[in-house]
Amino acid sequence: EAQVTQNPRYLITVTGKKLTVTCSQNMNHEYMSWYRQDPGLGLRQIYYSMNVEVTDKGDVPEGYKVSRKEKRNFPLILESPSPNQTSLYFCASSLFPPPGGDTQYFGPGTRLTVL
Amino acid sequence: RKEVEQDPGPFNVPEGATVAFNCTYSNSASQSFFWYRQDCRKEPKLLMSVYSSGNEDGRFTAQLNRASQYISLLIRDSKLSDSATYLCVVNRVLEYGGATNKLIFGTGTLLAVQP
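Which chain is which? The protein sequence lines are A and B, in order. Each step along the first sequence adds one to the number in the working numbering, with nothing skipped, and position 98 is 546. Each step along the second sequence adds one to the number in the working numbering, with nothing skipped, and position 88 is 468.
These are computed hints drawn from the structure, not numbers from a lab. Bear in mind that the values here come from a model prediction, so they are computed numbers and not experimental data. Idealized CB from N, CA, C, for every residue including glycine. One or more of the hints may lead you astray.
[Unchecked claim] Computed list of chain A residues with no C-beta within reach of chain B, every gap over 10 Å:
1. P456
2. G464
3. L467
4. T470
5. L489
6. M498
7. E510
8. P531
9. S535
10. L543
11. T551
12. T561
[What the hints assert, rightly or not] DSSO-like cross-link-like pairs, simulated, lysine-lysine; straight-line CA separation at most 30 Å:
13. B/K482 / A/K505
14. A/K517 / A/K465
15. B/K422 / A/K517
[To be verified] Pairwise CB distance ranges (calculated):
16. B/R439 / A/V500: 39 to 49 Å
17. A/K466 / B/Q494: 42 to 52 Å
18. A/N474 / B/S461: 22 to 32 Å
19. A/K519 / B/T480: 16 to 26 Å
20. A/T470 / B/D419: 19 to 29 Å
21. B/L474 / A/L563: 33 to 43 Å
22. A/S515 / B/E395: 40 to 50 Å
23. A/P509 / B/D387: 22 to 32 Å
24. A/L536 / B/D387: 33 to 43 Å
25. A/L536 / B/A492: 14 to 24 Å
26. B/D387 / A/D486: 16 to 26 Å
Pulled out of the complex, with its shape left as it was, chain A reads as follows (with noise of 0.2 Å):
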């Protein structure tokens, strides 16, 4: 089945320890991105990579960093976090980058808790 899998779904963890959210996707795409969503400001842009070892800022950067060691794997690290990174997060991944009217398939999303 064609997917993109992120991982925990869900996490709690404290301010300042280092944390990794997965996220993997099956379908041979070159994009992916990295998105947070927090209510009334709808989803923002993290990080995006055009492809393997391509990796560039997108509106929310600071505080996050990502690597693209493959094709299939986007993970998101959050070497320090703080409350203010508390938020539901998306992988997304897509076979060509935008512009191109082309088809964005999210994960199921991780809800981050940072006390």
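For this one, chain A is given, so just place chain B on it according to the hints.
For chain B alone, kept in the frame of chain A given last:
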């Protein structure tokens, strides 16, 4: 002015009603437009792309009005299963009109179809 703006709703409509949402975008050079659907606490999923000439998919019709810089989504014969948040998505363009590899998501319009 926000890049993409939507009326947050909620739109409460009875089953069988016709409902329309608008979404305005700030950059007249924008070229790619989409509607995504997001069920509560779930991932967004592509509903339909919006083409210049307008397009229809069953009970759903999408229109683009470049002169007034808005896109619309019309849902006819609303079903209970149409209850969701509808996200307007626009490809971000640069000031001189060059396309970027980024998508801008509106904050969404909540639709609640009542029995």
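Hints and how they fare:
no.	hint	verdict
1	P456	holds (15 Å)
2	G464	holds (28 Å)
3	L467	holds (20 Å)
4	T470	holds (16 Å)
5	L489	violated (7 Å)
6	M498	violated (7 Å)
7	E510	holds (17 Å)
8	P531	holds (21 Å)
9	S535	holds (13 Å)
10	L543	holds (13 Å)
11	T551	violated (5 Å)
12	T561	holds (14 Å)
13	B/K482 / A/K505	holds (10 Å)
14	A/K517 / A/K465	holds (23 Å)
15	B/K422 / A/K517	holds (28 Å)
16	B/R439 / A/V500: 39 to 49 Å	holds (41 Å)
17	A/K466 / B/Q494: 42 to 52 Å	holds (47 Å)
18	A/N474 / B/S461: 22 to 32 Å	holds (28 Å)
19	A/K519 / B/T480: 16 to 26 Å	holds (22 Å)
20	A/T470 / B/D419: 19 to 29 Å	holds (23 Å)
21	B/L474 / A/L563: 33 to 43 Å	holds (40 Å)
22	A/S515 / B/E395: 40 to 50 Å	holds (48 Å)
23	A/P509 / B/D387: 22 to 32 Å	holds (29 Å)
24	A/L536 / B/D387: 33 to 43 Å	violated (22 Å)
25	A/L536 / B/A492: 14 to 24 Å	holds (21 Å)
26	B/D387 / A/D486: 16 to 26 Å	holds (19 Å)
When each numbered hint is compared with the structure, violations occur for hints 5, 6, 11 and 24.
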